[in-house]
Amino acid sequence: MNPPRIRLDRFAATMGQSDLAADGDLENPLGFLFSRQSLTGALTVKSRLLDLDPFIEAPSRGVQAVELPDRVHLNLKAEFDRVLMQGMEFAAVSGDLMVDKQVLHLNHLQADFAQGRLQADGSYRWIPPARPLLDFNFKAAALRIGGLLQIAVPAKLAPFLKDLQGSVDGLFQVNTPMEITLMPVLEQFFHRGDLSIAQVAVANTPLLKKLADATRIERLRSPTLKNLNPRYTIQDGRFHLRPLGFTLGDYSFSLVGSHGLDLSLEYSLTARIPTESAEAKLNPLLSQYLQSSGSLLKGGTLDMDIAISGTALDPKFSTRIARTLGDTLKQVVKAEAEKRLGLDSLKQQVQDKVQTAKDSLANRAKDAVKDLLQGRKKKNP
Numbered sequence: 000m001n002p003p004r005i006r007l008d009r010f011a012a013t014m015g016q017s018d019l020a021a022d023g024d025l026e027n028p029l030g031f032l033f034s035r036q037s038l039t040g041a042l043t044v045k046s047r048l049l050d051l052d053p054f055i056e057a058p059s060r061g062v063q064a065v066e067l068p069d070r071v072h073l074n075l076k077a078e079f080d081r082v083l084m085q086g087m088e089f090a091a092v093s094g095d096l097m098v099d100k101q102v103l104h105l106n107h108l109q110a111d112f113a114q115g116r117l118q119a120d121g122s123y124r125w126i127p128p129a130r131p132l133l134d135f136n137f138k139a140a141a142l143r144i145g146g147l148l149q150i151a152v153p154a155k156l157a158p159f160l161k162d163l164q165g166s167v168d169g170l171f172q173v174n175t176p177m178e179i180t181l182m183p184v185l186e187q188f189f190h191r192g193d194l195s196i197a198q199v200a201v202a203n204t205p206l207l208k209k210l211a212d213a214t215r216i217e218r219l220r221s222p223t224l225k226n227l228n229p230r231y232t233i234q235d236g237r238f239h240l241r242p243l244g245f246t247l248g249d250y251s252f253s254l255v256g257s258h259g260l261d262l263s264l265e266y267s268l269t270a271r272i273p274t275e276s277a278e279a280k281l282n283p284l285l286s287q288y289l290q291s292s293g294s295l296l297k298g299g300t301l302d303m304d305i306a307i308s309g310t311a312l313d314p315k316f317s318t319r320i321a322r323t324l325g326d327t328l329k330q331v332v333k334a335e336a337e338k339r340l341g342l343d344s345l346k347q348q349v350q351d352k353v354q355t356a357k358d359s360l361a362n363r364a365k366d367a368v369k370d371l372l373q374g375r376k377k378k379n380p
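First residue of the sequence shown: 0, per numbering that gives the first Met the number 0; consecutive thereafter.
Just so you know, not all the hints are guaranteed correct.
What the hints assert, rightly or not - Below 27 angstroms or equal to it, Euclidean Cα-Cα: the simulated BS3-like pairs (lysine-lysine) are:
no., residue 1, residue 2
1, Lys155, Lys315
2, Lys138, Lys280
3, Lys155, Lys225
4, Lys208, Lys280
5, Lys155, Lys76
6, Lys225, Lys208
7, Lys208, Lys138
Simulated from the structure, these hints should not be mistaken for laboratory data.
Sequences and hints are given; from them, build the entire structure.
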């Protein structure tokens with residue numbers, strides 16, 4: 000007998016602490032097992048607890064990539080209460096999975112993760128001799144920042160994430176080949192993020208301590224930032240940050256640049272500082288500019304450009320100060336301009352009056368000559 004279809008009705012199984020229930024249809028199961036024919040089907044799969052580690056860990060070799068079977072085309076509708084994998088825990092997992100030609104596709108997979116909600120679309124494949132490949136798009140809502148290190152960003156490429164406390168919303172993409180141990184190949188790792196962060200507290204790290212010491216801007220030492228919209232790309236072993244604006248009190252900042260796997264730093268930070276700020280007046284790097292310009296910088300700002308180079312372990316800082324016009328200096332410039340404009344206007348008025356007088360005198364002379372000629376004609380008819 001070779002039934003073309005098997006109907007699963009309330010199928011249940013356990014493995015270790017995991018449980019699995021399924022119902023649906025499988026087409027050509029015996030042909031798949033004994034005749035190298037294809038297996039197709041559609042199943043609804045449910046679990047109260049699914050621990051994936053036993054499926055990806057070999058007893059003597061640790062975590063290993065899984066090669067999916069060929070000749071299989073399965074559509075799975077998943078509903079899992081809890082899923083455990085490599086120290087991560089996902090809850091309320093639901094979505095559509097498809098296994099086809101040794102590729103696992105995830106469509107609209109949603110889960111509670113890292114105190115937030117995560118949606119994923121993408122694929123996993125491993126067809127030897129090529130490396131395993133991950134290609135995913137994620138959408139995060141109120142995701143704890145540390146969760147990015149677990150799910151999408153290797154710590155070696157973004158070591159600063161461990162020092163941030165807060166939650167993120169936004170989109171990010173991951174595309175990377177992997178080693179057989181499921182570790183990403185960092186030199187070929189690609190990640191793009193477009194995030195929104197309502198508030199984040201930054202720990203007093205050695206790098207920030209040195210930055211605050213170099214610039215004498217104390218509020219950089221252990222800042223709490225609000226309303227951030229970081230956009231960045233990780234490619235070719237380097238983290239590239241697009242211009243990121245933020246404020247700390249009455250100071251505004253802009254940060255742009257990159258860092259690498261080798262911890263090399265190439266960043267530029269600009270701080271726009273109000274000249275009337277109490278902290279600015281106490282900053283020895285700024286005081287010389289404030290004293291030399293006096294009241295002319297009242298209401299203006301000083302721009303401090305900080306070049307950050309070296310490495311994360313041994314950073315180097317160089318600063319440059321630029322002055323912008325203050326209210327008092329603007330008023331002086333405006334008054335001088337108005338004065339010049341007034342003189343030009345008066346000069347034009349005088350020229351106009353002189354020209355008018357010239358025109359009037361010429362007309363009167365013409366009239367006098369005309370009258371004289373007419374009088375002579377009357378005397379000599």
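Broken hints, by number:
Going through the list in order, the structure violates hints 2, 5 and 7 and respects the others.
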